[in-house]
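For reference, the chains in residue letters:
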Amino acid sequence: MKKQLGFLVDADRCIGCFTCAMACKNQYHQENGVIWRQVYPLKEEIYPHKERAFYSLACNHCENPACMNVCPVKAYYKRDEDGLVIHEQDKCIGCGNCIRSCPYGAPQYNPVLKKAEKCSFCHQRIDEGLTPMCVLSCPVDAIGVIDLSTLDTTGLVQYAPGFSRQPVLNPSVRFRLPRLPEVVRRKNI
Amino acid sequence: MNSYEMPLVLFTVLGQSAIGLVAVSAFRQVAGPDAEPGRIRLEWLAAGLVLVAGLIASVFHLGHPAGMVRALSNLGTAWLSREALTIGIFLVLLAAGLILMREKTSPMLAVATAAAGLLVIVTMGMTYSPPSFPAINNALPFVFFCLTALLLGSSAGQVFAVKASQPMLTRILTVTLVVALVIYLLVPCIWLSGGEIMKQTAGQWLASPLYWGRIVIGLVLPLALVKRLKGTPAWLWVLILAGELMGRAVFFAGTVHTAANMGGMY
Numbered sequence: 000m001k002k003q004l005g006f007l008v009d010a011d012r013c014i015g016c017f018t019c020a021m022a023c024k025n026q027y028h029q030e031n032g033v034i035w036r037q038v039y040p041l042k043e044e045i046y047p048h049k050e051r052a053f054y055s056l057a058c059n060h061c062e063n064p065a066c067m068n069v070c071p072v073k074a075y076y077k078r079d080e081d082g083l084v085i086h087e088q089d090k091c092i093g094c095g096n097c098i099r100s101c102p103y104g105a106p107q108y109n110p111v112l113k114k115a116e117k118c119s120f121c122h123q124r125i126d127e128g129l130t131p132m133c134v135l136s137c138p139v140d141a142i143g144v145i146d147l148s149t150l151d152t153t154g155l156v157q158y159a160p161g162f163s164r165q166p167v168l169n170p171s172v173r174f175r176l177p178r179l180p181e182v183v184r185r186k187n188i
Numbered sequence: 000m001n002s003y004e005m006p007l008v009l010f011t012v013l014g015q016s017a018i019g020l021v022a023v024s025a026f027r028q029v030a031g032p033d034a035e036p037g038r039i040r041l042e043w044l045a046a047g048l049v050l051v052a053g054l055i056a057s058v059f060h061l062g063h064p065a066g067m068v069r070a071l072s073n074l075g076t077a078w079l080s081r082e083a084l085t086i087g088i089f090l091v092l093l094a095a096g097l098i099l100m101r102e103k104t105s106p107m108l109a110v111a112t113a114a115a116g117l118l119v120i121v122t123m124g125m126t127y128s129p130p131s132f133p134a135i136n137n138a139l140p141f142v143f144f145c146l147t148a149l150l151l152g153s154s155a156g157q158v159f160a161v162k163a164s165q166p167m168l169t170r171i172l173t174v175t176l177v178v179a180l181v182i183y184l185l186v187p188c189i190w191l192s193g194g195e196i197m198k199q200t201a202g203q204w205l206a207s208p209l210y211w212g213r214i215v216i217g218l219v220l221p222l223a224l225v226k227r228l229k230g231t232p233a234w235l236w237v238l239i240l241a242g243e244l245m246g247r248a249v250f251f252a253g254t255v256h257t258a259a260n261m262g263g264m265y
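If you read the protein sequences in the order shown, they are chains A and B.
26 is the number that numbering that gives the first Met the number 0 gives to position 27 of the first sequence; each next residue is one higher, with no gaps.
147 is the number that numbering that gives the first Met the number 0 gives to position 148 of the second sequence; each next residue is one higher, with no gaps.
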């Protein structure tokens with residue numbers, strides 16, 4: 000398998016602090032309402048506990064990306080060296096087809112530029128040997144960079160509950176599921 | 000609710016109307032009683048104008064309309080590029096049919112233009128059935144678009160058809176109205192037995208006044224009028240067009256995207 004970078008989402012560690020989303024915003028200064036990384040609380044039917052659990056999600060840099068396949072002007076390409084899916088905004092004509100087609104809502108419409116945009120995995124930082132800003136900023140190490148060609152997948156899942164199953168696209172993200180909350184009782188009661 | 004995507008509503012409905020007009024006209028010329036030549040020219044001219052109006056509407060959907068020509072760049076994988084190509088072919092054949100028309104269009108050219116129109120509907124159906132909308136990630140958009148073309152083609156075709164052809168067009172329209180009514184009433188019920196996003200889509204459609212407006216104004220009322228008047232009045236296409244526009248608005252605004260339920264059931 001060729002090198003394929005992706006995000007590890009550790010829902011067991013995530014505390015839903017949104018620092019990753021803010022770090023992304025701080026790095027790229029997206030327009031209001033344009034969100035490349037979002038933190039989703041798991042709904043009660045998925046995680047029915049008083050404790051809460053979260054998925055921090057951005058573009059999944061799929062093996063077979065819908066955005067790239069549907070773009071009529073070839074504004075997306077997949078890097079040979081690490082499988083990252085990059086959007087070239089200069090080529091974009093703002094047709095919105097990628098936004099409609101990505102099941103994960105990764106491409107977003109920039110109302111000022113009238114073009115789509117999405118998480119780039121901070122590929123410029125990757126090229127410099129640095130980690131993406133969201134990964135760097137997480138105070139509990141709940142997001143990581145993984146290479147699927149060498150990853151030990153023990154304890155990880157690709158399609159976690161609450162995450163749309165899309166085998167054709169094959170999203171390059173892996174989840175560590177949140178543990179069930181422990182009930183601590185005092186003895187002798 | 001998503002955006003109503005009015006440019007796309009107008010583009011798809013008007014484009015499919017033009018295809019329906021040409022297809023019904025070709026069918027009449029090949030299989031039906033002879034039509035008056037002057038009216039066929041007028042019919043094709045109307046189809047061309049409606050298609051151009053739809054194309055103009057589609058431009059307003061783009062953030063950068065100047066890049067429209069580059070939409071043909073990704074014919075290898077993008078159905079939107081293929082849609083643009085097939086619409087171009089349809090437009091060229093339509094224009095050729097108009098220019099070369101003597102008393103009638105040549106049957107070969109009429110059938111070829113109608114076939115190109117069918118190809119447009121196939122590519123449109125593929126473009127608007129992405130994996131992000133589970134409720135319509137199937138053949139439904141193609142079926143919806145075929146019904147639009149047939150409904151508007153057979154109702155607006157009455158304006159241009161000679162008397163001898165009108166009973167045939169009324170039969171086509173009646174059957175299409177009944178089939179469309181059954182499909183549009185059944186589809187949300189089937190979605191209710193599907194996954195979470197399909198259920199949510201059914202909920203959005205059934206709760207939308209536009210959906211019921213489309214059923215009543217665009218399907219039930221025309222069906223009742225055709226039955227009562229024992230024919231198709233020349234103005235009936237206005238009601239059907241209104242119904243189709245409402246239905247297409249629901250198609251774009253009421254169909255739920257998978258990303259809307261992230262962290263929930265699928």
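Derived by calculation from the structure, the hints in this document are not laboratory data.
Hints are not guaranteed to be accurate.
Claimed, not checked - List time: in silico DSSO-like cross-link candidates among lysine-lysine, alpha-carbon distance up to 30 Å: (1) A:K77 to A:K113; (2) A:K49 to B:K198; (3) A:K113 to A:K2; (4) B:K103 to B:K198; (5) A:K90 to A:K113; (6) A:K42 to B:K229.
Unchecked claim - Negatives, chain A to chain B, calculated, CB over 12 Å: (7) A22; (8) V134; (9) P138; (10) V139; (11) G143; (12) S163.
In this text, all values refer to a predicted model and were calculated from it rather than measured experimentally.
Don't be surprised by glycine CBs; every beta carbon is placed ideally from N, CA and C.
For this session: Verify that the Cβ of G143 (chain A) lies farther than 12 Å from every Cβ atom of chain B, and report whether the claim holds or is violated.
Result: Consistent with the label, G143 (chain A) stays out of reach of chain B, its closest Cβ about 20 Å off (over 12 Å).
Problem set entry | Beyond 12 Å from each Cβ of chain B, as asserted for P138 (chain A) | For P138 (chain A), whose nearest Cβ neighbour in chain B is about 21 Å away, the distance exceeds 12 Å, so it holds.
Exercise. Has the given pair, K103 (chain B) with K198 (chain B), been kept, meaning a C-alpha gap of at most 30 Å?
Worked result: Violated, because 49 Å separates the two Cα atoms, which is more than 30 Å.
Exercise. Does the structure keep K77 (chain A) and K113 (chain A) at a Cα separation of 30 Å or less?
Worked result: Holds, because 23 Å separates the two Cα atoms, which is no more than 30 Å.
Exercise. Just checking, V134 (chain A) versus chain B, shortest CB gap more than 12 Å?
Worked result: 20 Å, holds
Exercise. Beyond 12 Å from every Cβ of chain B: is that where the Cβ of A22 (chain A) lies?
Worked result: Fine: 20 Å to the nearest Cβ keeps A22 (chain A) off the interface.
Problem set entry | Distance restraint between K42 (chain A) and K229 (chain B), which requires alpha-carbon spacing of 30 Å or less | 55 Å, violated
Exercise. Quick one, are K113 (chain A) and K2 (chain A) close enough, alpha carbons at most 30 Å?
Worked result: This hinted pair is violated, its Cα atoms lying about 33 Å apart.
Problem set entry | Verdict on V139 (chain A) as a residue remote from chain B, using beta-carbon distances over 12 Å | 18 Å, holds
Exercise. Is the hinted pair K90 (chain A) and K113 (chain A) satisfied, with a Cα-Cα distance of at most 30 Å?
Worked result: Measuring from Cα to Cα gives roughly 12 Å; hence the hint holds.
Exercise. Is the nearest Cβ of chain B still more than 12 Å from the Cβ of S163 (chain A)?
Worked result: 4 Å, violated
Exercise. Keeping to a limit of 30 Å between CA atoms, is the pair of K49 (chain A) and K198 (chain B) held or broken?
Worked result: The given pair, whose Cα atoms are some 27 Å apart, holds under the 30 Å limit.
Violated hints, listed in ascending order, are 3, 4, 6, 12; each of the other numbered hints is respected by the structure.
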